[in-house]
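As you go down the protein sequences, you meet chains A and B in turn.
Residue numbers are given in this note's numbering: position 320 of the first sequence equals residue 320, and the series is strictly consecutive.
Add 322 to a position in the second sequence, counting from 1, and you land on the number used in this note's numbering.
Treat the hints as calculated values from the structure; they're not laboratory data.
Nothing here was measured: the structure is a model prediction, and the numbers come from that model.
Think of the CB as a built atom: it goes at the ideal place given N, C-alpha and C, for glycine as much as any other residue.
Among the hints, erroneous ones may be present.
As the list claims (entries may be wrong) - Calculated cross-link-like contacts (lysine-lysine; reagent style DSSO-like; alpha-carbon spacing at most 30 Å):
hint, chain 1, residue 1, chain 2, residue 2
1, A, K264, B, K396
2, A, K293, B, K351
3, A, K293, A, K322
4, A, K153, B, K396
5, A, K102, B, K396
6, B, K333, A, K264
7, A, K41, A, K226
8, A, K202, A, K226
9, B, K396, A, K243
10, A, K226, B, K351
11, A, K178, A, K301
12, A, K16, A, K37
13, A, K301, A, K321
14, A, K265, A, K153
15, A, K199, A, K134
16, B, K333, A, K226
17, A, K293, B, K396
18, A, K265, A, K41
19, A, K301, A, K226
20, A, K98, B, K396
21, A, K102, A, K6
22, A, K134, A, K301
23, A, K41, B, K351
24, A, K265, B, K351
25, A, K272, B, K333
26, B, K333, A, K37
27, A, K41, B, K333
28, A, K153, A, K103
29, A, K243, A, K37
30, A, K134, B, K351
31, B, K396, A, K226
32, A, K178, A, K146
What the hints assert, rightly or not - Ranges between beta-carbon positions, derived for each pair:
hint, chain 1, residue 1, chain 2, residue 2, range
33, A, C201, B, D348, 45 to 53 Å
34, A, N216, B, S334, 35 to 43 Å
35, A, N208, B, S357, 19 to 27 Å
36, A, K134, B, D339, 51 to 59 Å
37, B, M323, A, N276, 36 to 44 Å
Single-letter residue listing:
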Amino acid sequence: MRSFIKSISVYVPPVKITNQEIASRFPEWESEQIFEKIGIKERCIAEPDEFVSDMSVKAIQNLVGEYSVDLSEIDYFILCTQSPDYQLPTTACIIQDKVGLKKSCAAIDINQGCSGYIYGLSLASSLVSSGNFKNVLLVTADMYSKNINSEDKGNISLFGDAATATIISTDGEYEIGKFTLGSDGSGAENLIIKNGGTKNCKDGLSENLNNYLYMNGSAIFNFTSKNVPLLVDENLNLNNVLKEDIDMFVFHQANTFMLNFLRKKINIEQDKFLLNMENYGNTVSSSIPLAFKASFFNELKNVMFVGFGVGYSWGAVTIFKK
Amino acid sequence: MEITEFILNFKSQLENDNFELTGETDYVKSDFWDSLTNMVINVMLNDDYNVQLTPEELNQFSSIQELFDYVQSKQ
């Protein structure tokens with residue numbers, strides 16, 4: 001059975017951090033330079049008392065409002081997040097209750113970051129293709145902001161919080177093609193929050209950087225420059241399309257410096273390469289649907305989504321306008 | 323490999339290449355040099371010359387000529 005992306009909605013939290021605010025807190029940085037280097041003007045972060053379940057509910061409510069989705073038709077719910085409300089229970093179950101999904105709807109969390117939307121789509125697509133489920137709701141929601149040290153100007157500048165909601169169904173706007181997925185845990189330490197799992201507890205000390213998000217930007221850059229061009233080629237071949245046949249490439253919106261570098265390396269025309277992050281920042285698993293949302297109803301025949309990052313993990317899929 | 327070819331390759335990696343670059347250029351002290359440029363040049367060294375350096379090591383050379391000599395010695 002074929003599977004389709006039917007609809008996408010998004011939610012962006014209300015607290016904005018502008019480059020001017022960052023430059024005033026860290027005078028060694030200039031506001032214009034931040035935009036020139038990473039292509040972000042402002043990033044939105046969650047309120048102190050706003051959590052992944054809250055953002056997810058708002059994204060789902062936006063889906064209901066925009067597309068008149070009947071939530072009673074959802075029979076499988078996948079939440080992709082690396083910032084769950086609790087260690088247990090599954091945040092997806094909390095959202096099932098909060099938003100009013102039926103009790104016969106399955107609900108699971110998956111933990112992936114920048115490749116999470118592709119991983120989530122691969123599961124949702126397989127569930128629909130199996131014939132066992134008709135309407136899968138995939139929500140991505142991350143709030144790295146709650147795990148960034150207040151002195152870490154690099155990560156404060158890069159990351160924003162957001163949630164998105166996508167319906168994958170037996171019918172819709174775009175047929176989902178084949179997936180290329182991969183992982184390499186040898187890079188785990190290059191993008192990590194060391195404390196807070198079962199291995200190392202958080203000690204509450206602000207000077208202990210293991211309590212916070214750590215990113216080795218140089219190592220991540222090397223990883224992406226080596227793997228993403230191959231990933232794109234493999235997915236083109238798998239879906240039996242040429243690079244020229246793709247009307248729009250939607251990469252994980254990491255930062256415009258890295259994206260422009262990758263675009264040139266892969267030799268993708270500028271007008272086919274979506275950059276849409278200046279008002280959001282890097283929103284991790286939400287960055288692809290958040291960037292693509294405004295183009296969803298455009299006249300695009302073939303679109304490729306490409307995600308890569310924390311794990312390391314990566315994935316690509318080509319979707320085809322019905 | 324000639325240094326002129328190496329300089330051309332180095333320059334082609336930069337976002338803005340509207341300035342002169344010679345063997346004597348102390349790239350680390352140049353306006354264009356920052357941690358992002360460091361990453362791009364590092365990828366070039368790795369991809370095109372099979373040379374792997376840490377960001378800190380790449381910041382140790384005092385000129386393009388010195389970097390070029392190092393790369394040559396590793397070929």
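Exercise. Taking only the CA atoms, is the gap from K153/A to K103/A under or equal to 30 Å?
Worked result: violated, 44 Å
For this session: Could you grab the alpha-carbon distance between K272/A and K333/B and see if it respects the 30 Å cut-off?
Result: holds, 26 Å
Problem set entry | Pair hint outcome, K301/A versus K226/A [Cα-Cα no greater than 30 Å] | The given pair, whose Cα atoms are some 28 Å apart, holds under the 30 Å limit.
Exercise. Is K396/B within 30 Å of K243/A, Cα to Cα?
Worked result: violated, 36 Å
Exercise. Regarding the pair K265/A and K351/B, is the alpha-carbon distance no greater than 30 Å?
Worked result: Judged against 30 Å, a Cα distance of about 27 Å means the pair holds.
Exercise. Within a Cα-Cα threshold of 30 Å, do K153/A and K396/B meet the stated pairing?
Worked result: Violated - the C-alpha atoms of K396/B and K153/A are around 37 Å apart, more than 30 Å.
Exercise. Hey, K41/A versus K333/B, does the alpha-carbon distance stay inside 30 Å?
Worked result: With Cα atoms ~28 Å apart, K41/A and K333/B stay inside 30 Å; holds.
Problem set entry | Status of the given 36 to 44 Å range, CB of N276/A versus CB of M323/B | Holds: the Cβ-Cβ distance is about 40 Å, inside 36 to 44 Å.
Exercise. Are the Cα positions of K202/A and K226/A separated by 30 Å at most?
Worked result: violated, 34 Å
Problem set entry | Agreement of K265/A and K41/A with the hint, judged by alpha carbon distance not exceeding 30 Å | The hint holds at about 25 Å.
For this session: Could you grab the alpha-carbon distance between K41/A and K226/A and see if it respects the 30 Å cut-off?
Result: The hint holds at about 28 Å.
For this session: Take a quick look at whether K102/A and K396/B sit within 30 Å of each other, Cα to Cα.
Result: violated, 64 Å
Hint compliance for this structure: hints 2, 4, 5, 8, 9, 15, 17, 20, 28, 30, 32, 34 are not met, and every other hint is.
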